[in-house]
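With these hints in hand, go ahead and build the complete structure from the sequences.
First to last, the protein sequences are chains B and H. With our numbering, the residue at position 86 of the first sequence is 86, and numbering never jumps. With our numbering, the residue at position 13 of the second sequence is 13, and numbering never jumps.
Mixed in with the good hints, there may be bad ones.
[What the hints assert, rightly or not] Derived DMTMM-like pairs: lysine to aspartate or glutamate, alpha-carbon spacing no greater than 25 Å straight-line:
#1 B:Lys179 with H:Asp99
#2 H:Lys176 with H:Asp52
#3 H:Lys108 with B:Asp90
#4 H:Lys176 with H:Asp99
#5 H:Lys19 with B:Asp90
#6 H:Lys176 with H:Glu91
#7 H:Lys175 with H:Asp99
#8 H:Lys108 with H:Glu44
#9 H:Lys19 with B:Glu85
#10 H:Lys85 with B:Glu85
To be clear, the hints were calculated from the coordinates, so they are not data collected in a lab.
For reference, the chains in residue letters:
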Amino acid sequence: MLLLATAMAMPQMANAQIMKGGYFNVDWQFNAPIGNDYANRASGWGMNFEGGYYIIPNMSLGLYVSYHTNNKYIGEQVLHLSSTESLYTDQQHSIYQVPFGIATRWRFTTEDMFEPYIGVKLGTMYSRMESNTQVYTYYQDRWGFNVQPEIGLSFFPMPLNRVGIHMAVYYNYSTNKSKVLTYNIDGYSNIGFHLGISF
Amino acid sequence: MKKAIPILFLALAFIACQKNPDFNELSSDLIVYTNYDKSATFGEYQTYAIPDSILILDDKEKPSYYAADDPRTIAIVRAINSEMKTRGYIEVDNNADADIGIQVSYVKDTNTIISYASTNPYWWYGYDYYWPGSYWNPYWYGWGPSYAYPISYTYTIGSLIIEMIAIEDANPTTKKIPVIWTAYMAGILSSNQMNINRTVSGIYQAFEQSSYIRSGVE
Chain B
1 MLLLATAMAM
11 PQMANAQIMK
21 GGYFNVDWQF
31 NAPIGNDYAN
41 RASGWGMNFE
51 GGYYIIPNMS
61 LGLYVSYHTN
71 NKYIGEQVLH
81 LSSTESLYTD
91 QQHSIYQVPF
101 GIATRWRFTT
111 EDMFEPYIGV
121 KLGTMYSRME
131 SNTQVYTYYQ
141 DRWGFNVQPE
151 IGLSFFPMPL
161 NRVGIHMAVY
171 YNYSTNKSKV
181 LTYNIDGYSN
191 IGFHLGISF
Chain H
1 MKKAIPILFL
11 ALAFIACQKN
21 PDFNELSSDL
31 IVYTNYDKSA
41 TFGEYQTYAI
51 PDSILILDDK
61 EKPSYYAADD
71 PRTIAIVRAI
81 NSEMKTRGYI
91 EVDNNADADI
101 GIQVSYVKDT
111 NTIISYASTN
121 PYWWYGYDYY
131 WPGSYWNPYW
141 YGWGPSYAYP
151 ISYTYTIGSL
161 IIEMIAIEDA
171 NPTTKKIPVI
181 WTAYMAGILS
191 SNQMNINRTV
201 SGIYQAFEQS
211 SYIRSGVE
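Given below as structure tokens:
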């Protein structure tokens with residue numbers, strides 16, 4: 001599906017911006033959850049998509065959506081599910097996060113080869129907290145408020161063609177609260193970076 | 001409008017974008033669940049009885065068993081006996097004389113027999129037939145088990161259930177026999193057959209995480 005979507009977008013990328021005064025980013029995402037040890041193994045299993053329109057020369061308003069998965073293996077242990085229940089198992093923990101909403105950014109230059117910017121994204125986030133055992137999968141889906149400040153740079157090697165490289169580092173926080181088995185997550189925090197194309 | 005189509009496709013693509021963890025990394029080992037009745041006085045019980053056959057839960061109309069001389073039965077009963085004796089209980093031959101009864105069931109090819117909700121008093125319907133009260137005492141015709149705790153698992157094919165019932169505390173008024181401990185283990189199959197070594201490991205693990213099962217301890 002992603003390949004199909006990218007293929008449909010490519011012809012439009014060949015010329016210039018997807019729309020005049022606007023931008024679109026398609027990024028690979030590397031993400032590391034912080035603040036919880038449930039599935040805090042950093043991974044590159046994610047993508048980021050963002051598009052916006054410059055309402056004034058330096059400031060844009062747009063939309064964003066990204067998704068990411070972080071997994072972590074937990075060896076055999078006894079979990080005390082309640083005062084009388086015990087469960088012995090190993091697990092594959094997984095956190096899946098899909099934040100989306102409104103994105104705004106301030107770029108420090110316009111029409112230059114290098115276009116550094118700062119941005120803030122505000123929206124909502126869907127999360128799935130999951131524990132997989134050999135026999136069962138336990139999971140909880142939750143929604144929360146999402147905020148994501150980031151610092152980035154778009155690089156356009158061909159000044160007449162606004163197809164370039166995009167990179168950014170971000171911090172991402174969501175208010176989602178999840179509980180699976182004996183594990184609790186009260187708010188999701190992440191740091192990571194994007195690397196992709198801008199057009 | 002045409003430009004929005006790829007973005008729409010991208011949004012739809014997120015539905016299936018979760019990267020599954022490496023399930024091969026999960027051991028082929030056991031999952032063992034135990035639960036018990038908080039009011040049960042394990043320390044006061046002294047004797048127990050265990051059938052010399054393993055009940056098979058399947059889709060057949062009549063219950064079938066792994067017989068006493070079946071290697072699976074021998075290994076399972078031996079492991080349970082070992083744990084019970086280590087914990088100070090004495091085995092007796094006559095079921096009616098025992099304080100505790102231990103019933104062992106193997107879910108062979110059904111996954112529909114156990115689905116419990118505390119609001120449904122008939123959840124164990126059908127299971128009484130397999131472990132009737134009369135099995136433990138010939139005068140207990142029509143008696144059945146009662147549970148102090150909910151079972152929230154749907155038991156899957158190839159799993160073993162061990163239940164400890166308090167024969168001594170059976171209630172003549174309600175005709176109920178309290179189930180005071182449940183152990184459930186899955187992941188005991190290999191090549192679609194019960195793996196005896198893994199099953200025995202599961203039994204030991206079930207007792208290990210149930211330290212309250214000990215005779216003579218108040």
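Now for the hints, and whether the structure bears them out:
With a C-alpha separation of about 40 Å, the suggested pairing of Lys179 (chain B) with Asp99 (chain H) is violated against the 25 Å cut-off. A threshold of 25 Å between alpha carbons decides the hint, and for Lys176 (chain H) with Asp52 (chain H) the separation of about 23 Å falls inside it, so the pair holds. With a CA separation close to 24 Å, the supplied pair Lys108 (chain H) and Asp90 (chain B) stays within the 25 Å bound. Our distance criterion of 25 Å between C-alpha atoms is met by Lys176 (chain H) and Asp99 (chain H), whose separation comes to about 15 Å.
The straight-line distance between the Cα atoms of Lys19 (chain H) and Asp90 (chain B) is roughly 19 Å, inside the 25 Å bound, and the hint therefore holds. At roughly 23 Å between alpha-carbon atoms, Lys176 (chain H) and Glu91 (chain H) fall within 25 Å of each other, so this suggested pair holds. Taking the CA atoms of Lys175 (chain H) and Asp99 (chain H), the gap is near 16 Å; set against the 25 Å cutoff, the hint holds. Distance hint between Lys108 (chain H) and Glu44 (chain H) is unfulfilled; the C-alpha atoms sit about 35 Å from each other, more than 25 Å.
The suggested pairing of Lys19 (chain H) with Glu85 (chain B) is violated, with an alpha-carbon distance near 31 Å, which exceeds 25 Å. Distance check on the hinted pair: Lys85 (chain H) and Glu85 (chain B) sit about 23 Å apart at the alpha-carbon level, within 25 Å; holds.
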